[in-house]
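Q: Sequence:
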Amino acid sequence: MAGTGPKGEFFITGRLGSKDDQFRGSFSGDGEVGRYAFATAYPDQPLSGKWAESLVRSFIGFEYPVENSIDLVKEFLSESRKMWLELLDWGNLKWYIRNKSMDGVYSSFSGLSVASRDGSIECRGFSSGFDSFFALGPSDKISRIDSAGSAPDIHEFWSGYPSSASPVYRWDVPQNVFFKWIVPIDSRMVLVTPNVSRWILKNPEVNLVTVVNNSDPGVLVRNKMKSGDIDNAESVVLLLERR
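First residue of the sequence shown? That's 15 in the working numbering, and the numbers climb one at a time after it.
I should point out that these hints are in silico values taken from the structure, not numbers from a laboratory.
Hints may be right or wrong, so weigh each one.
[To be verified] Quick list of in silico lysine-lysine cross-link-like pairs, DSSO-like style, CA-CA up to 27 Å:
# : residue 1 : residue 2
1 : K108      : K96
2 : K194      : K216
3 : K108      : K240
4 : K88       : K216
5 : K88       : K108
6 : K114      : K88
7 : K240      : K216
8 : K88       : K240
9 : K96       : K114
[Unchecked claim] The following label-pair restraints were derived from C-beta to C-beta distances:
#  : residue 1 : residue 2 : range
10 : E100      : D44       : 18 to 26 Å
11 : T224      : I199      : 35 to 43 Å
12 : I199      : V233      : 39 to 47 Å
13 : E219      : R112      : 30 to 38 Å
14 : G105      : D58       : 30 to 38 Å
Glycine included, each C-beta is placed from N, C-alpha and C at the ideal position.
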């Protein structure tokens, strides 16, 4: 029997050296339906912020099941691409922005659907080809580490070319982007960007517990970026727990 799912809180960290600590990516959550998502952007890809926004808005608002289906992921990406093209005023872009964006843009992405079921929490989601989901059970015991990413060098979804004349694109999607885990009802879960994930996986027993138990994971990530332990990139930590 379905019940109220866990609640989530986002902690956002921009790249070191970015203007006013600006975060160009996108993140959103809907606790009522139990959906959360984030996507990152890149400073050298001016239109990647709109692509990140499109990915997140599509995942949160598009009425489709989160299932292990490449066809569904491709449908999600196609809807995201349509939104991205609608957000672009291609004809009025400055020439240097247009030139940088001729080959499309990229964004890492992860989306998660959570629900309480029969005394446990069902977690379904997919990422752009990296391990994004982790969970801690009672006494900080690791409940689950997502090992969905089949292509460790591919961490992003491509927007396709920024031209409405080519609305259909054959998405090159890694096969194992989907994950589904059943974790204890009192688990604390995290969804993280690729740079934070790589750091966690170096020593999960220590680093995962450190993230989950920190009062402000955003400050933790920034300090780890300053020390060089976490790669300098847009970072998101989404903490979820039953309240």
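Q: Each hint should be assessed against the structure and marked as holding or not.
A: Status of each hint after checking the structure:
1. K108 to K96: Holds, because 22 Å separates the two Cα atoms, which is no more than 27 Å.
2. K194 to K216: holds, 23 Å
3. K108 to K240: Status violated; Cα separation ~34 Å.
4. K88 to K216: Distance of about 31 Å is beyond 27 Å: violated.
5. K88 to K108: Violated, because 31 Å separates the two Cα atoms, which is more than 27 Å.
6. K114 to K88: holds, 25 Å
7. K240 to K216: The given pair, whose Cα atoms are some 18 Å apart, holds under the 27 Å limit.
8. K88 to K240: Since the Cα atoms of K88 and K240 sit roughly 37 Å apart, the hinted pair is violated (cutoff 27 Å).
9. K96 to K114: Holds. K96 to K114 sits at ~20 Å (cutoff 27 Å).
10. E100 to D44: 18 to 26 Å: holds, 21 Å
11. T224 to I199: 35 to 43 Å: Since the Cβ atoms of T224 and I199 sit about 23 Å apart, the hinted range of 35 to 43 Å is violated.
12. I199 to V233: 39 to 47 Å: violated, 29 Å
13. E219 to R112: 30 to 38 Å: Violated - the Cβ-Cβ distance for E219 and R112, about 48 Å, lies outside 30 to 38 Å.
14. G105 to D58: 30 to 38 Å: Given a distance of about 23 Å, which is not inside 30 to 38 Å, the answer is violated.
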